[in-house]
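Peer 1: Here is what each chain is made of, one letter per residue.
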Amino acid sequence: MAKIRDMIPAFELLQPTTIEAAIDLLDEHRSGAWVLAGGLDSFDWFKDRIKRPSAVIDLGGIPELTGIRDAEGGLEIGAMTTLTSIVRHPRIRSEYSIVADAAEHVATPQIRNQGTMGGNLAQDTRCWYYRSGWPCYRAGGNTCYASAPQAMNREHCIMGRSRCVAVNPSDTAPALIAVDAKMIVENTSGPKVYDAEDFFIGPSIDITRMTVMKPRDLLTRVHIPAAWANAEFYYEKVRDRGSWDFQLVSIAAAFRMSGGTIEEARIAVNGVAPYPVRLDAVERLVAGTSGDEATANRAGDLAIAGARALRHNDYKIPMMRNLVRRAVGSVA
Amino acid sequence: MAEKLIGADIAPPDLHAKITGRAKFAEDFRAPGMVFAKLLLSPMPHARVRSMDTSRALAMPGVIGILTADDVPAREGPREACLTNEPKYEGEPVLAVAAVDEETAAAAIEEIEIDFEPLPFVVDPLESLRPSGPNAYTEGNQFSGEDGWSQLKWTAADFALIDAGRMPNPTAPIEWTKGDPEAAFAESSLVLEEVIVHQSLTHHPMEPRSNMAYWENGRLFAFVSTQSTQQTKFALAGALDMDPEDITLVAEFCGGGFGSKISGSTVMQIPALFSRKIGRPVMLRITRYEENYVGRARPGFQSWLKMGFLPNGKCNAIDLILVEDGGPYGSGDNGTAGMTADLTYTPRNMRFRAASMYTNTPPKAAQRGPGGAQIIAMMEPILDKAARELGMDRLEIRRINAPGPDVTFGPRDTTLTSVHAREALDQGAQMFDWAGKQALSGQRNGSKVTGLGIGLSPYTAGSRGRDGLMLIRPDGRLYVHQGIGNLGTHSIADTARPAAELLGLDWDDVTIVWGDSSKGMPRSTVQAGSQTTHAHTRANHAAGMDALRKVRQIAAATLGGAASAYSVDGGRVRGPGGSMTFAQVAQRAIAMGGEYDGHVLPEDIHAQTVPAAQMLAGQGLMGVARDNYGGEGSIYSWVAGFAMIELDHDTGVVDIKEFVGVTDCGTVLHPRSLGAQVLGGCIQGIGMAMTQRWVFDPQWGVPFANRLYTARPPGFLDIPLNARWGAVGIADPTSPVGAKGIGEPPVGAGAAALACAVADAMGGVCLCRTPLTPDIILAELEGRVAAHGRLDQHVG
Amino acid sequence: MEFWRSVANPWDQNVLIGVSWDLMWAAVGGAVLFLVGHAIWIKTRPAEAPQAPVDRAAAAGIPERIQRHSLAARIFHWTMSATMLVLLVTAFVPVFGFQFAWVQVHWIAGVLLIASVLWHVVHAIGWQDFWSMFQLGIDEGMAHLKHVLSSKAPAPPKAGKYPFDHRMYHHVIVVVSLAAIITGVFMMVRIDTPFMARNPYLFGDSTWGVIYVLHGLSGVALIFLIAAHIYFAIRPEKRWITWSMIRGWVDREHYLAHHDPEKWVVAEKVAALQGGTGAVADATVSAPRGED
Ligand SMILES: Cc1cc2nc3c(=O)[nH]c(=O)nc-3n(C[C@H](O)[C@H](O)[C@H](O)COP(=O)(O)OP(=O)(O)OC[C@H]3O[C@@H](n4cnc5c(N)ncnc54)[C@H](O)[C@@H]3O)c2cc1C
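Chains as they are written, first to last, in this note's numbering: chain A, 1 to 332; chain B, 1 to 796; chain C, 1 to 292.
So here's chain A without its partners, still in its complex pose (with noise of 0.2 Å):
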């Protein structure tokens, strides 16, 4: 069978209009499901022919999955929010500018304008070798191209890596790990709540997943807890494009502060693992601190204690290091 790219085969296209029905369709269909969202990472999926799932299930139709609300003092985001919305929501702007921002770095104003909540966190990882419909690990096989000793790969992890060194590309997981963000996961055995940082999965796990999210789940929305609201944020993506580029390394933080002292931190890198990165040891040793500069060179270094490099990427163990200085050295 000759391969041919860029061409969408028809599917079929299931659109339920209601959550429950969803659910059902998702647990009637299975491993044969796909959940369509903005369509950015599935339909690069389809045209490649490379993913081709029995059944499309459409979230467009759903308008429970779309919109913010007020929800226990914090904020409830709909799967199905499109990161425009996001960013331009003024709650989020004002409380918690760390997501907005985060999210107004997602590639460019028109992948924003239909990119989504869901999909933005469920997107699968953009190695290159993987997603050419190479049959890696992660698409079902027993190679990893891209750590082999010639390949090409700098863009892949430092750390977390187990056969698979994909790293996972989404601009607003870290953010939400950093504000301390519940994923909510439904199936028709009921809704599960995930912690942000636990919702992604590394290979060491399922090489094959990103998330915790199996063929019959739905994420149905996003919970941001209201004690991380106003702390103080500090978010930077690193990328060669100043658009339309996925990270090198990203960093988000959210420190609470009283006077000059770091009471409490949360701090999440991405870019560099198949999973973003939650720093706990870093947000431990910076508590209590005023974030000064010893304190933040001794985060970067720790923040970066056991990276190793691949053939290509070994510039990200100083990038990683210094994004972690600048952010805990940011509210000194």
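None of these hints come from the bench; they were simulated from the model. Careful, some of the hints might be misleading.
Said to hold, decoys possible - List of simulated lysine-lysine pairs, DSS-like, C-alpha gap at most 30 Å:
#: 1; chain 1: A; residue 1: K192; chain 2: A; residue 2: K182
#: 2; chain 1: A; residue 1: K51; chain 2: A; residue 2: K182
#: 3; chain 1: B; residue 1: K437; chain 2: B; residue 2: K448
#: 4; chain 1: B; residue 1: K178; chain 2: B; residue 2: K153
#: 5; chain 1: A; residue 1: K3; chain 2: B; residue 2: K4
#: 6; chain 1: B; residue 1: K24; chain 2: A; residue 2: K47
#: 7; chain 1: B; residue 1: K18; chain 2: B; residue 2: K448
#: 8; chain 1: A; residue 1: K47; chain 2: B; residue 2: K18
#: 9; chain 1: B; residue 1: K4; chain 2: B; residue 2: K18
Claimed, not checked - If you only want the chain B side, here are some residues facing chain C, beta carbon under 10 Å, derived:
#: 10; residue: P45
#: 11; residue: V49
#: 12; residue: D115
#: 13; residue: P118
#: 14; residue: F185
#: 15; residue: G701
For every residue, glycine included, the Cβ atom is placed at its ideal position computed from N, Cα and C.
Keeping the supplied structure of chain A fixed, place chains B and C with the ligand upon it in accordance with the hints.
Peer 2: For chains B and C with the ligand alone, coordinates are given in the frame of chain A:
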């Protein structure tokens, strides 16, 4: 000339169609019964088709036919056929399937069983030169028309030097020397020896090279995506071995080519041949993914450079070795590169050696400033290094080395028609405030360090001897028939201005006829080498003069008096006997016949112009002439680019703060359009040096970065908000109009200014490779081991 | 049912990447069928012809406890069992659908297995009667087979130290686990370990395919073999052997009932049994080889 059109901002005639979306590009055409073709691309970088079974595909409902390599003209040696059974790069088209729609055609491709035998391949050109390195062809890695295939291998001793980071002393198929480089180096007070790599990168024009074709009564109607038009018809006729006059070629709009669609493309043969085979119109829409493969690429260079300087900063010797990535079908960028080095730094003593190596990577072709842009991006930072070593100002060292009007360069001592490189540098320095900004160089603000850079870049900008063809019809309007293409540069309209100017017409009275060979086109340049503006302002000037002569003669004959006493203005011709409208003149011309309405044509026009002129004869007053203005020397334009950046030493990210580009391109025809070319070209160069990339997996010989977002052309946020341009505006003396081309010179200027600014912000460290992405910059700043070998190609 | 898994490699060539997981289910199913079948068979099998009473005379001079497995041998056996179980669990439980981080545990267990096997080989060659395990015993096998087919058939001759079925099992295990180990060592070059840099291109796709298939086949076979082993180990009539693997000795009764004192000569070198109550014979001296 009383210039009201030359130098004015005038909206081009295709603007409305483009903005409103009414413009029809090749893929927008439809014809009754049209079917869609899809390509089967080679999955391997070098392979031979062992067997194929297409029966299941052909049995599918909706599948109309298949076109294989056996159905298309075969090509001998390293020449490209439109379909092949021995693909030389991953992604090379092997066969095409036509079906009622693209979905069916794609599904049919998947039903084809095809067995390829993998063959040895080479991706990195330097590898092919290693003593036991692989060759791109089973027959060898060098080809010459007379001697056929051979193998070029450098010696182990050469590679011992190369691997030690030194300059080798190899034999090279291309070699020239002038002066006495060895003696000159001995006299130099500073000799720099450098290893430099310039990447290969795809063209990725916005419009992929889609094409449609059908046949009627033995006549081919081809709708193609091409830079040129009149010349594309002849190229297509040549490829299909048919009479050009049996082709109607339509190409009204082109979404960019950058040198990759000069006279169309190889794949334009496919719909024509397929349509002939199955008897139905065939549309071949090339996707972005396919464009990455069949869409051509700029060849990269791996090079060794030795440059000697006298104490005053004058470069007195250059020794340059280039290994060029020739792709599977060859490339000759190195020639221009050598010439450009000699021209820009005027060393007087130079040795140039080059080897263009076949590789199993997508085909190479000219890309905006081929050869010149690369070498300028590579050498300008070395000039900076010299300035630093000699304690000189970097503007000054460029002024000292820039050529004057008496320059001779290259192996054949080429001369120039005009050169105002120093003026461009001076004007740019003033606009940019180079002197005032010196204090900012290297200044640190937190983690950010300011860097300044200049890039001075020449490129060819014209040719001579083309034809102009125009009619004043009985409606009183001037119809300028253009055989050049509409590449979006406005030259399709702007080159007609001299004729309108000569005839004293308002721009509203001029119709540009273009994009359809059935409307009659004069012999034109290919839309390449930045020739068009110079060549066709001259040709249209010549034809305009011819028309003017005829208008006056008709007026004199009709109204009395001497022709020379008549003058034109506002669509009338006036003289001692009174006045006539152009409408009346046109009618008189038809009545008088002979040369006036084109029934008698000048002897010296090109044979390709004759059928077009004959077709138009009798329809009005014809202006038709060959450009006989002559002139000595090559026509070159220049751009001096000035950049100020901030380099974040924590992340390696470069932020361009300010950019100025000043050009010497002769008379300014159309300021707004010129600005777009100067800055647009510089931005393309910035992309070439900074963001864009092409990456191959060496194990499989397969390119990545084959989508726009992974190929990373610069985006809106990568270009400086503060970007200004200027023009020296000194007319070229050999042209009656004085305009030179501008398409290509800016690329090297943009790239080099950035490369120099980055080195400046790194305290003078030249990474000597492109693209200058945050990873390699940061690795250098942090003193980490470089990820790639110094000469590695295709690592992005 | 599928036997193999194959994929299109980057050059679109079809390459083998391993066994189909259908085979895992087949092995599980096969093991269950075998065990249940065997249990039923034992239950329903007519009573055996009564065994000749233990020759009292022969018992004379035989200590009450006879050492069957040295401490070293037992440590090896249980280390190997543990690593084997870990290997099987880490290999197949994720395939069953229960996901966890298995790769590292798997290869570390593999390395321990290799270490224990190496140690075992050295120990067996140097300190154990290596050949007593490698006696084939074709006649013995035929007799066993006849006896299995018919309970009326004469009881097969008694074995030396290692009964016929043990030897057979050992042979199979040696082959299967060596296949798993050798392929597994190669496969380690494809993952992160401290021993070597990853290199998926050490072999070509087709060689890797064979390696993966062998590893998969041996893994799947081990499901069956180990299930059967555990089953027999806990069967009441075999438990004395299991105990011997724990305690190290067999009692005189079982020795005389199941072993041929001619073939497994228990020397009179009596040693004190650690914390034990009686004496134990050093059982390293065996019958001369080459009885077949
Ligand atoms: C050129 C380009 C550049 C980009 N750059 C960036 C960038 O810089 N940073 C960044 O963060 N993103 C980037 N993106 C990703 C983009 O922003 C989208 O967020 C992302 O592709 C998916 O969003 P979507 O809504 O289009 O989802 P889809 O493509 O429809 O879905 C993505 C995946 O998530 C699953 N999914 C979606 N919604 C749910 C749900 N509610 N429950 C369960 N599963 C679900 C889908 O099944 C699918 O697997 C880029 C995308 C493109 C095409």
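Peer 1: Between A/K3 and B/K4, does the CA-CA distance stay at or below 30 Å?
Peer 2: Status violated; Cα separation ~58 Å.
Peer 1: When you check the alpha-carbon spacing of B/K18 and B/K448, does it fall within 30 Å?
Peer 2: With Cα atoms ~42 Å apart, B/K18 and B/K448 exceed 30 Å; violated.
Peer 1: For the pair supplied as a hint, A/K192 and A/K182, is the alpha-carbon distance within the 30 Å limit?
Peer 2: Holds, because 10 Å separates the two Cα atoms, which is no more than 30 Å.
Peer 1: Does B/D115 pass the interface hint, meaning its C-beta sits closer than 10 Å to a C-beta of chain C?
Peer 2: holds, 9 Å
Peer 1: Holds or violated: B/P45 as interface residue toward chain C, Cβ cutoff 10 Å?
Peer 2: Hint on B/P45: holds, closest Cβ of chain C at ~9 Å, below 10 Å.
Peer 1: When you check the alpha-carbon spacing of B/K4 and B/K18, does it fall within 30 Å?
Peer 2: The hint holds at about 26 Å.
Peer 1: If you take the shortest Cβ to Cβ gap from B/P118 to chain C, is it below 10 Å?
Peer 2: Hint on B/P118: holds, closest Cβ of chain C at ~6 Å, below 10 Å.
Peer 1: What's the verdict on A/K51 and A/K182, does the C-alpha distance respect the 30 Å limit or exceed it?
Peer 2: holds, 29 Å
Peer 1: Would the hint linking B/K178 and B/K153 be met if the CA-CA limit is 30 Å?
Peer 2: holds, 26 Å
Peer 1: Should the interface hint for B/F185 be scored as holding, given a Cβ-Cβ cut-off of 10 Å against chain C?
Peer 2: violated, 43 Å
Peer 1: Should the hint that B/G701 touches chain C count as held when the rule is a Cβ pair under 10 Å?
Peer 2: Because about 9 Å separates B/G701 from the closest Cβ in chain C, which is inside the 10 Å limit, the hint holds.
Peer 1: Can you confirm whether the C-alpha distance between B/K24 and A/K47 stays at or below 30 Å?
Peer 2: Distance of about 25 Å is within 30 Å: holds.
In the structure shown, a violation is registered for the earlier hints numbered 5, 7, 11, 14, in ascending order.
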